[in-house]
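Turn these sequences into a full structure, and let the hints guide you.
The chain contents come next:
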Amino acid sequence: MTARTAEPDDIEGTAGNAGPGGIVELTIPVESDLLVLARLATSTVASRSSFDIEEIEDLRLAVDELCLLVVDGRRTGRILLRIEGTEGQIEVDCRYEGTAVVPDGEGSDDHVDGLSGRILDALVDEHGPVARDGLRGARLCKRRATSDD
Amino acid sequence: MDQEFGVEEDYRDGTSVVTVAGEVDVATAPALRDRLDQAVRREEGPVVVDLLGVTFIDSTGLGVLIGAHRGCAAHGRELRLVIAEPRILKVFEITGLTDLFPIDTTLEGAMAGSEVVE
Chain H
1 MTARTAEPDD IEGTAGNAGP GGIVELTIPV ESDLLVLARL ATSTVASRSS FDIEEIEDLR
61 LAVDELCLLV VDGRRTGRIL LRIEGTEGQI EVDCRYEGTA VVPDGEGSDD HVDGLSGRIL
121 DALVDEHGPV ARDGLRGARL CKRRATSDD
Chain A
1 MDQEFGVEED YRDGTSVVTV AGEVDVATAP ALRDRLDQAV RREEGPVVVD LLGVTFIDST
61 GLGVLIGAHR GCAAHGRELR LVIAEPRILK VFEITGLTDL FPIDTTLEGA MAGSEVVE
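The listed protein sequences derive, respectively, from chains H and A. Going by our numbering, the first sequence opens with residue 1, and the numbers climb by one from there. Going by our numbering, the second sequence opens with residue 1, and the numbers climb by one from there.
Per label pair, the in silico range of CB-to-CB distance:
no. : chain 1 : residue 1 : chain 2 : residue 2 : range
1   : H       : Glu54     : A       : Thr106    : 21 to 31 angstroms
2   : H       : Ala131    : A       : Arg70     : 29 to 39 angstroms
3   : H       : Gly13     : A       : Glu108    : 42 to 52 angstroms
4   : A       : Glu44     : H       : Gly13     : 43 to 53 angstroms
5   : A       : Arg70     : H       : Arg75     : 21 to 31 angstroms
6   : H       : Arg144    : A       : Glu93     : 14 to 24 angstroms
7   : H       : Pro103    : A       : Leu100    : 20 to 30 angstroms
8   : A       : Val117    : H       : Asp52     : 21 to 31 angstroms
9   : A       : Arg42     : H       : Asp104    : 30 to 40 angstroms
Simulated from the structure, these hints should not be mistaken for laboratory data. Every residue gets a Cβ at the ideal spot worked out from N, C-alpha and C, and that includes glycine.
As structure tokens, then:
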């Protein structure tokens, strides 16, 4: 992702209320460096799904890492993000749409292999790659901690 | 967007001090990398990265710090971190990076070479 200021038309978003947390769908240009929008949307849905502050911070980081994994150092294209919250659970689906190839070697200049995976392992209940409609992506699921955990 | 990203560099008492504030992610990490590269190549002695004002850091930011650690080692310098915020420290703990970086909770402690987070 390289620095570029996104034009208003570059960013698309919808929001719905399927449950307590609701659904937010975002389309973010990779080159705009606007993962802050993904984190903001995650905070909102997680808050409405009854997650506590610490869990919301964990989710913000987890969704950021999910996007980084899916983009994998590509410089162009779009991130399609779907965040669905229900009472005590949040599911996030992230896809890459574009034709850019993953750069040789380490991807972005600041990429270190394995860090995103370690962070996701620690912060969410489930995560892994998905492929649907010809788009490569990944998903995660986090459930709210209960007194039994 | 809790706080605007910023990075400043200072050299005092034989130590390079790089102070970082705001969110360190894929958008801001290159600026941090550039400033750390300058700090590592310039001057001598330890490099202390003050993360007290950092509100968010992801793997891209961690990658920058790992690169700076390597750069310091190549120049015979030590990179130390200052972290007090539990949620920032947690990112270093879950990635195992508390074993790589000497971490103190105060700037004064890090400049003196102490290490309170293991």
